[in-house]
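If you read the protein sequences in the order shown, they are chains A and B.
Residue numbers for the first sequence follow this note's numbering, so the first one is 1 and each next one is one higher.
Residue numbers for the second sequence follow this note's numbering, so the first one is 1 and each next one is one higher.
It does not matter which identical chain is used: a pair holds within one copy or between any two.
Calculated cross-link-like contacts (lysine to aspartate or glutamate; reagent style EDC-like; alpha-carbon spacing at most 20 Å):
(1) K137 - D113
(2) K56 - D68
(3) K137 - E175
(4) K114 - E225
Calculated from the structure, these hints are not laboratory results.
In case you want the letters, here they are:
Number of protein chains: 2
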Amino acid sequence: MITVRALLFDTIGTLLDWRGGLISQLQAWGAAHEIAADWPGLVDAWRLDFIMSIAKVRTGEREWANQDQLQRESMARLAPQFGLPGLHADALEELVGMWHELPPWPDAVAGVDKLRSRYIVAPLSNGHVAMLIELAKAAGFTWDAAMGADIFRHYKPDPETYLGSAALLGCEPPEVMLVASHPSDLDAAAQCGLRTCYVSRPLEYGPGRVVEATPAAGHFDLMVEDLLELARAMGC
Amino acid sequence: MITVRALLFDTIGTLLDWRGGLISQLQAWGAAHEIAADWPGLVDAWRLDFIMSIAKVRTGEREWANQDQLQRESMARLAPQFGLPGLHADALEELVGMWHELPPWPDAVAGVDKLRSRYIVAPLSNGHVAMLIELAKAAGFTWDAAMGADIFRHYKPDPETYLGSAALLGCEPPEVMLVASHPSDLDAAAQCGLRTCYVSRPLEYGPGRVVEATPAAGHFDLMVEDLLELARAMGC
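Work out the full structure: start from the sequences and follow the hints.
This is the structure:
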């Protein structure tokens with residue numbers, strides 16, 4: 001029986017309500033600048049475009065760039081389609097910066113705090129270290145380390161991210177559990193030998209919208225409704 | 001005027017009393033195993049041997065190895081000279097593990113906590129990330145990130161450590177201040193464009209023993225007696 005010593009957390013989606021947070025910030029920004037647009041549609045398109053950008057980095061089709069750079073390029077592409085032509089540089093930075101201040105799901109901070117009493121806890125995110133620090137300060141997370149994609153110059157689900165994090169934590173892969181609401185992320189971690197915990201986040205993509213199907217019972221080591229349930233399951 | 005956004009802290013010596021902590025742990029270990037030895041002498045020799053090992057990694061004379069590996073090799077070399085022949089593997093691990101649990105200087109935890117209210121704070125150490133996490137948990141530090149030498153596969157004072165840390169924190173070098181009790185470390189950081197703060201730790205090498213001379217007034221951006229003075233100087 002190998003004991004889990006460290007928990008890694010997917011951040012955008014698993015801990016933070018990126019969609020709700022961005023829509024709120026964009027609505028406020030639009031009101032302040034007297035701009036109306038389909039903000040939920042823009043947020044969904046932005047997220048999708050970013051995920052396609054990551055795929056290009058992963059395949060080597062484009063060179064390494066961090067999440068800020070990719071989000072900036074995505075927004076520059078999308079803005080004209082959503083009635084925001086000619087965003088000047090300051091406005092673009094303001095929009096990209098919205099990804100650095102996202103609201104946590106209600107259980108997330110308390111759950112991580114409880115788990116930190118017995119385990120090493122760290123985000124493992126496709127965000128970069130500086131972004132993870134800002135997100136943690138804004139939401140109130142306390143971490144033992146911050147595993148940003150820029151440490152590895154690889155994006156999840158590349159194995160370098162899971163294995164590199166385990167190595168930096170001084171753990172063998174089975175001593176580390178990835179906690180995520182995205183089955184694809186967890187499957188890649190499991191292939192690297194990590195333990196896996198699926199967290200249900202039914203509102204991540206908006207009410208009633210499913211992007212990845214809920215995994216079958218038993219597909220991951222743990223399946224929980226929120227991080228407080230995980231803390232109880234892990235003896236915290 | 002460039003504003004400092006992040007503070008990096010040398011850890012072994014600047015935040016932690018490695019010498020006092022190791023002597024105490026070795027004395028207790030010796031008492032438990034009915035072994036008498038010149039523990040202060042062994043600690044001083046161990047530290048020196050480790051520093052010489054780091055130099056060999058820095059010049060490329062030997063390949064990368066983390067602090068645990070180097071400390072293990074050093075102790076294996078020194079043990080016979082100090083009357084500890086034939087240390088078995090478990091005992092060697094126990095001694096190396098003593099570097100993962102060192103007492104903080106009295107002002108260190110409170111000082112870092114105060115500084116964290118306004119700045120990004122992270123250790124920048126020749127220890128590895130896993131070691132920094134254990135040291136932080138044992139001593140009670142809360143960090144925003146942990147900059148271990150294994151992230152860069154370079155030891156201080158290689159520029160990769162200072163510039164690599166600034167990049168991961170999303171800062172330009174002058175936005176980052178290194179806080180250290182070792183002038184040689186600070187001089188190297190300054191050459192990379194970082195700000196510098198010298199902290200006096202007169203007891204680091206034992207009472208009355210000076211390894212690096214106190215720098216002249218004005219040589220570094222700040223010179224303080226402890227981290228509470230630094231917090232006040234930085235507006236915390």
